[in-house]
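Trainee: Just so you know, the protein sequences line up as chains A, B, C and D, in that order. The first sequence begins at 1 in UniProt numbering and counts up by one. The second sequence begins at 1 in UniProt numbering and counts up by one. The third sequence begins at 1 in UniProt numbering and counts up by one. The fourth sequence begins at 1 in UniProt numbering and counts up by one.
Hints in this document: simulated from the structure, not taken from any laboratory. Be aware that one or more of the hints could be misleading.
Because identical chains cannot be distinguished in the list, a pair is counted as satisfied if it fits within a single copy or across any two copies.
Stated by the list, open to error - In silico DSSO-like cross-links for lysine-lysine, where the CA-CA straight-line distance does not exceed 27 angstroms:
{"#": "1", "residue 1": "LYS22", "residue 2": "LYS3"}
{"#": "2", "residue 1": "LYS270", "residue 2": "LYS117"}
{"#": "3", "residue 1": "LYS17", "residue 2": "LYS113"}
{"#": "4", "residue 1": "LYS2", "residue 2": "LYS17"}
{"#": "5", "residue 1": "LYS17", "residue 2": "LYS6"}
{"#": "6", "residue 1": "LYS270", "residue 2": "LYS17"}
{"#": "7", "residue 1": "LYS271", "residue 2": "LYS171"}
{"#": "8", "residue 1": "LYS6", "residue 2": "LYS270"}
{"#": "9", "residue 1": "LYS17", "residue 2": "LYS117"}
{"#": "10", "residue 1": "LYS230", "residue 2": "LYS3"}
{"#": "11", "residue 1": "LYS271", "residue 2": "LYS113"}
{"#": "12", "residue 1": "LYS249", "residue 2": "LYS6"}
{"#": "13", "residue 1": "LYS270", "residue 2": "LYS249"}
{"#": "14", "residue 1": "LYS3", "residue 2": "LYS270"}
{"#": "15", "residue 1": "LYS22", "residue 2": "LYS249"}
{"#": "16", "residue 1": "LYS17", "residue 2": "LYS249"}
{"#": "17", "residue 1": "LYS138", "residue 2": "LYS230"}
{"#": "18", "residue 1": "LYS113", "residue 2": "LYS270"}
{"#": "19", "residue 1": "LYS171", "residue 2": "LYS249"}
{"#": "20", "residue 1": "LYS270", "residue 2": "LYS171"}
{"#": "21", "residue 1": "LYS3", "residue 2": "LYS117"}
{"#": "22", "residue 1": "LYS138", "residue 2": "LYS6"}
{"#": "23", "residue 1": "LYS271", "residue 2": "LYS249"}
Number of protein chains: 4
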Amino acid sequence: MKKWNKDHVINTLPARKPDAHKGTYGTALIAAGSRFMPGAAVLSALACMRSGVGKLEMGIEESVIPYVIQHLPETTFVPGFYERLQNLQLNQYRVLAAGPGREADDETETTVKAFLKSDVPVILDAGALSQRTYIDRKAPVILTPHPGEFLRISDISMEELEENQQQAVTKFAVETGVTLVLKGQQTITAFPDGDVYINTSGNSALSKGGTGDTLTGMITGMLCCHDDWKHAVLNAVYLHGACADEWEKTRSAHTMLAHELSDLLPEVWKKHEGN
Amino acid sequence: MKKWNKDHVINTLPARKPDAHKGTYGTALIAAGSRFMPGAAVLSALACMRSGVGKLEMGIEESVIPYVIQHLPETTFVPGFYERLQNLQLNQYRVLAAGPGREADDETETTVKAFLKSDVPVILDAGALSQRTYIDRKAPVILTPHPGEFLRISDISMEELEENQQQAVTKFAVETGVTLVLKGQQTITAFPDGDVYINTSGNSALSKGGTGDTLTGMITGMLCCHDDWKHAVLNAVYLHGACADEWEKTRSAHTMLAHELSDLLPEVWKKHEGN
Amino acid sequence: MKKWNKDHVINTLPARKPDAHKGTYGTALIAAGSRFMPGAAVLSALACMRSGVGKLEMGIEESVIPYVIQHLPETTFVPGFYERLQNLQLNQYRVLAAGPGREADDETETTVKAFLKSDVPVILDAGALSQRTYIDRKAPVILTPHPGEFLRISDISMEELEENQQQAVTKFAVETGVTLVLKGQQTITAFPDGDVYINTSGNSALSKGGTGDTLTGMITGMLCCHDDWKHAVLNAVYLHGACADEWEKTRSAHTMLAHELSDLLPEVWKKHEGN
Amino acid sequence: MKKWNKDHVINTLPARKPDAHKGTYGTALIAAGSRFMPGAAVLSALACMRSGVGKLEMGIEESVIPYVIQHLPETTFVPGFYERLQNLQLNQYRVLAAGPGREADDETETTVKAFLKSDVPVILDAGALSQRTYIDRKAPVILTPHPGEFLRISDISMEELEENQQQAVTKFAVETGVTLVLKGQQTITAFPDGDVYINTSGNSALSKGGTGDTLTGMITGMLCCHDDWKHAVLNAVYLHGACADEWEKTRSAHTMLAHELSDLLPEVWKKHEGN
Ligand SMILES: Nc1ncnc2c1ncn2[C@@H]1O[C@H](COP(=O)(O)O)[C@@H](O)[C@H]1O
Ligand SMILES: Nc1ncnc2c1ncn2[C@@H]1O[C@H](COP(=O)(O)O)[C@@H](O)[C@H]1O
Ligand SMILES: Nc1ncnc2c1ncn2[C@@H]1O[C@H](COP(=O)(O)O)[C@@H](O)[C@H]1O
Ligand SMILES: Nc1ncnc2c1ncn2[C@@H]1O[C@H](COP(=O)(O)O)[C@@H](O)[C@H]1O
Ligand SMILES: [Mg+2]
Ligand SMILES: [Mg+2]
Ligand SMILES: [Mg+2]
Ligand SMILES: [Mg+2]
């Protein structure tokens with residue numbers, strides 16, 4: 001399988017344009033968090049705003065707003081998101097993401113359906129992942145399951161997956177027409193055109209609650225600042241792992257918190273910018 | 001066009017007076033933030049309190065108070081601000097600012113009108129920017145639009161603006177009698193006396209939501225500690241950009257959050273103090 | 001009495017497994033905090049998530065949720081914990097802890113009883129400590145009283161305790177079948193098999209409110225990542241003290257806050273990892 | 001006038017006793033903060049817990065609790081403080097402080113009266129300062145007015161004060177039997193026995209809202225860990241200023257926030273500990 005490594009990242013990370021304004025990088029919309037899992041909204045928002053987005057709007061239950069603002073006063077909120085979902089002009093956004101900190105309930109499902117009807121890239125994670133047929137659309141759909149979630153959303157059996165991961169994910173990506181980011185020790189990203197890459201960064205500091213929510217945010221943000229969306233996905237997965245590698249240099253892998261990946265990203269990203 | 005550069009800043013930044021008490025630098029009042037954009041109140045407050053003010057009072061909806069206190073326990077609040085607006089003794093303040101995180105709604109408009117009737121400097125941004133005639137007043141009025149906002153509040157067309165920015169902003173400033181800070185890659189500040197400066201700091205790390213709210217706060221605070229208000233505006237714009245330049249030395253421009261400008265200000269400001 | 005020192009820690013701290021996922025280290029459940037002592041929930045949660053756990057769920061009154069999320073967006077919450085206590089599948093958790101920031105009231109007592117009926121390790125502290133007979137169970141029960149609390153939960157008199165601490169705690173541990181962590185300047189840990197160790201780290205920076213809540217969280221987390229639960233307890237006590245020792249190198253012992261132990265843990269832990 | 005300088009501090013700061021537990025340093029109670037000035041509760045609490053106290057309980061309106069916990073999960077709260085004020089066992093506390101972020105209203109006045117009836121040291125600041133006769137008590141009363149507040153609580157005129165500060169404050173302290181900390185560029189501390197000291201640390205970074213609240217907290221905490229209460233007051237004033245001096249070494253004096261004094265205290269204190 002092809003590897004995505006440091007050199008690829010250095011060659012594909014975009015420079016921030018000197019004459020950019022926040023509109024240049026667009027507005028992302030993330031639908032995440034709920035009453036008993038509010039923190040996932042925080043984690044994905046933090047990661048997104050650190051990853052090149054222009055502006056971030058959160059589509060969240062009003063009770064979750066305070067948690068996000070505490071960590072991220074730069075965020076704004078869609079008034080009455082779940083009530084007004086059908087009437088939102090979703091094409092005004094550069095990228096749409098749903099799922100972190102969400103149960104697979106009716107509201108989540110309605111969100112996903114609305115998002116998929118838009119013309120912009122959609123990322124689905126956690127509660128937004130379910131078995132579904134993907135309608136034909138030009139803009140990419142990106143799914144980010146861990147193995148347990150992947151088995152739930154596909155017809156593939158655990159045995160098939162363990163036997164040949166690459167084949168299983170490629171088949172799924174090509175047949176459904178979506179991009180599959182199968183998360184694990186070595187995350188595999190399979191594109192609908194049959195292209196597959198294995199990630200080469202990261203370590204077991206990531207085996208703790210919340211790191212997946214952070215990844216969703218990073219992919220969302222990077223889609224906003226990359227010209228090539230495939231590079232955006234691959235670079236998000238790589239830098240997410242590279243932050244954990246930075247952590248481990250001086251701190252125990254047992255001790256990292258997911259939001260600290262976002263704290264580490266500014267310097268880690270800089271180290272991957274050619275100049 | 002005249003440039004405002006590092007040397008100008010070094011020559012005009014005031015020393016903090018050894019025998020000052022908080023009254024020496026006065027109290028600023030900022031009216032900012034709302035239910036779905038509460039963070040702008042936090043961002044402008046943080047920036048203001050880092051910029052030489054004596055005390056800061058926030059004129060905000062009570063639901064926004066918790067967000068500010070979390071980041072800034074040093075702030076106090078005007079009880080029942082919007083209800084009591086007509087009865088406030090606005091001349092007790094050193095500087096008044098309005099607009100960040102506000103819609104251009106009735107409450108905002110009433111705030112602006114009340115502020116303009118006072119005898120103290122007024123800064124208007126975001127939701128407080130609208131087409132209006134400025135009544136004659138001795139204290140300065142400072143507007144901080146980005147190009148989109150500038151087109152909305154003036155009769156100037158996009159073509160005119162693109163053709164000759166300097167001429168457009170100077171005309172506006174002189175004719176309306178206000179100071180115009182036209183924000184962009186190279187922010188232009190035009191004073192009502194015809195003086196115009198182009199800023200020489202900053203980079204595209206600033207092209208992200210919230211950086212404008214931070215600038216409003218910095219101008220507010222600097223007006224409190226400068227003797228010459230024109231220097232206050234020019235130095236705020238410069239140092240705001242200089243913080244972004246400091247960021248970029250070791251961190252990717254894609255990753256900065258607006259509130260981090262305020263974190264960087266203490267050391268950046270120190271580097272511009274003659275000693 | 002046998003000492004537990006730096007060499008023991010270095011020899012017994014587990015490496016984080018390269019192929020681990022968050023399930024590998026399990027989910028801990030902490031029942032802590034209340035209306036007028038909400039911070040203990042924060043302190044124990046922070047410490048737990050820094051100590052090798054896979055995921056953390058908090059069993060708390062809903063009013064305490066915001067406090068935890070502010071510090072730790074990585075945490076999730078058991079919906080309606082106290083109402084649904086009898087119906088929770090407690091064996092799904094790797095470790096259960098109760099008591100920090102809790103009064104010794106009915107709710108706390110019901111929690112303890114439910115926890116003790118499970119098959120997983122249970123840690124009891126503060127309000128969860130009371131005189132009780134421990135039903136026979138395979139999984140360890142760990143009590144973490146300070147001397148005042150120990151006198152309250154045992155029949156031992158202050159005189160007996162002062163005369164021969166080792167004998168008093170060993171007797172209690174062996175007779176009741178629980179592990180006793182008697183906290184103090186030199187914390188003594190007595191296991192039900194008669195094994196007793198005295199801790200060799202720590203200093204009086206720890207003599208401040210909240211440090212005990214932090215210890216409870218550290219034990220909880222370390223039980224999740226150690227194979228040998230006795231090592232987990234001893235290492236938690238040791239590293240808790242070692243963080244205070246790190247503090248004191250450059251900062252006054254009068255000034256430490258309990259949550260800062262958790263801030264220091266990542267680097268302190270790393271220094272105790274063989275490589 | 002006698003100066004209190006670095007050498008005095010080094011000679012009088014207590015070591016933290018190796019065998020101390022949190023009870024050794026006692027519990028402080030601070031009554032501070034209100035609906036529109038909640039942050040003062042945070043500032044005084046932070047400073048107190050950094051200054052050697054064993055435990056801190058806050059006597060605050062319930063709506064202010066969240067603000068304190070966000071910054072300081074180590075604090076607990078007196079249930080129904082203002083309702084239960086008359087029935088509280090105030091002598092259980094080591095030190096009582098009132099006033100920061102309080103109006104001079106009925107609740108504040110009732111608090112002060114109850115505090116003064118106790119047998120423990122009392123610190124009064126801000127809204128708790130008013131003209132009153134001090135009943136005879138053995139434990140010290142410490143007032144911390146700035147000049148404006150001092151004029152309000154004494155019969156001294158501005159002219160008298162400006163002419164001879166030392167004489168004015170000494171007279172007040174001796175006649176009323178209280179300790180007067182007259183805050184300013186060079187804070188003067190006058191004891192009821194006629195002893196007077198002028199502080200030698202600090203700078204105009206302190207001339208900003210909230211620094212006085214921080215001082216109140218520092219005095220409160222230091223009274224808990226000093227054997228000699230006069231040294232506690234003098235050292236608190238000195239270290240408060242020394243933190244501002246530390247700030248100014250690398251950061252502009254215009255930019256400091258009051259809560260950052262408490263961030264700086266651990267290292268500044270350490271530098272004044274003989275070893
Ligand atoms: N042992 C490991 N080594 C490298 N990456 C890991 C490891 N465990 C988890 N991860 C990553 O951590 C994240 C976990 O996501 P989730 O399972 O949704 O919380 C994914 O990005 C995984 O690729
Ligand atoms: N590419 C850029 N280079 C320099 N400054 C910028 C750039 N983009 C935005 N800014 C500044 O960032 C702020 C954006 O304000 P606003 O549009 O109100 O959020 C203004 O101060 C702009 O001058
Ligand atoms: N003087 C001291 N030296 C070492 N450790 C201490 C000292 N005082 C308290 N501790 C530790 O601090 C924690 C206090 O727990 P608690 O009494 O529940 O708040 C325990 O872990 C004690 O072992
Ligand atoms: N110019 C200054 N130089 C030194 N200390 C100051 C200065 N201005 C204010 N302070 C101190 O800052 C605090 C202000 O308290 P307050 O007036 O209650 O907010 C007091 O401790 C003053 O001594
Ligand atoms: Mg996940
Ligand atoms: Mg703006
Ligand atoms: Mg305890
Ligand atoms: Mg004061």
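Trainee: Now tell me if each hint is right for this structure.
Mentor: Going through the hints against the structure:
1. For the homomeric pair LYS22 and LYS3, the shortest alpha-carbon distance between copies (24 angstroms) is at most 27 angstroms, but the shortest distance inside one copy (33 angstroms) is not.
2. For the homomeric pair LYS270 and LYS117, neither the shortest alpha-carbon distance inside one copy (36 angstroms) nor that between copies (48 angstroms) is at most 27 angstroms.
3. With identical chains, the CA atoms of LYS17 and LYS113 are never at most 27 angstroms apart, being 34 angstroms at best within one copy and 39 angstroms at best between copies.
4. Within a single copy, LYS2 and LYS17 get their C-alpha atoms only as close as 30 angstroms, which misses the 27 angstroms cut-off; across copies the closest is 25 angstroms, which meets it.
5. With identical chains, the CA atoms of LYS17 and LYS6 are at most 27 angstroms apart both within one copy (22 angstroms) and between copies (23 angstroms).
6. Taking the closest pair of Cα atoms, LYS270 and LYS17 come within 27 angstroms of each other only inside a single copy of the chain (15 angstroms); across copies the shortest separation is 29 angstroms, beyond that limit.
7. In this homomeric assembly, LYS271 and LYS171 never come within 27 angstroms of each other (Cα to Cα): the closest approach is 35 angstroms inside a single copy and 45 angstroms across copies.
8. With identical chains, the CA atoms of LYS6 and LYS270 are at most 27 angstroms apart both within one copy (12 angstroms) and between copies (26 angstroms).
9. Taking identical chains as interchangeable, the C-alpha atoms of LYS17 and LYS117 are never at most 27 angstroms apart, the minima being 31 angstroms within one chain and 42 angstroms between chains.
10. Only within a single protomer do LYS230 and LYS3 lie at most 27 angstroms apart by alpha-carbon distance; the minimum there is 14 angstroms, versus 42 angstroms between protomers.
11. Within a single copy, LYS271 and LYS113 get their C-alpha atoms no closer than 39 angstroms, and across copies no closer than 50 angstroms, so neither meets the 27 angstroms cut-off.
12. For the homomeric pair LYS249 and LYS6, the shortest alpha-carbon distances inside one copy (17 angstroms) and between copies (21 angstroms) are both at most 27 angstroms.
13. Proximity of LYS270 to LYS249 under the C-alpha cut-off of 27 angstroms is found in both arrangements, the shortest distances being 17 angstroms within a copy and 9 angstroms between copies.
14. For the homomeric pair LYS3 and LYS270, the shortest alpha-carbon distance inside one copy (22 angstroms) is at most 27 angstroms, but the shortest distance between copies (30 angstroms) is not.
15. Taking the shortest alpha-carbon separations for LYS22 and LYS249, only the inter-copy value of 21 angstroms comes in at or below 27 angstroms, while the best intra-copy value is 34 angstroms.
16. Taking CA atoms no more than 27 angstroms apart as the test, LYS17 paired with LYS249 passes between copies only; the shortest distance there is 16 angstroms, against 32 angstroms inside one copy.
17. Taking CA atoms no more than 27 angstroms apart as the test, LYS138 paired with LYS230 passes inside one copy only; the shortest distance there is 14 angstroms, against 52 angstroms between copies.
18. Taking CA atoms no more than 27 angstroms apart as the test, LYS113 paired with LYS270 passes in neither setting, with 37 angstroms inside one copy and 46 angstroms between copies.
19. Taking identical chains as interchangeable, the C-alpha atoms of LYS171 and LYS249 are never at most 27 angstroms apart, the minima being 37 angstroms within one chain and 44 angstroms between chains.
20. For a Cα distance limit of 27 angstroms, the shortest separation of LYS270 from LYS171 qualifies neither inside one copy, at 35 angstroms, nor across copies, at 42 angstroms.
21. In this homomeric assembly, LYS3 and LYS117 never come within 27 angstroms of each other (Cα to Cα): the closest approach is 33 angstroms inside a single copy and 49 angstroms across copies.
22. For the identical chains of this complex, LYS138 and LYS6 are neighbours neither inside a copy (29 angstroms) nor across copies (49 angstroms), given an alpha-carbon limit of 27 angstroms.
23. Taking the closest pair of Cα atoms, LYS271 and LYS249 come within 27 angstroms of each other both inside a single copy (15 angstroms) and across two copies (11 angstroms).
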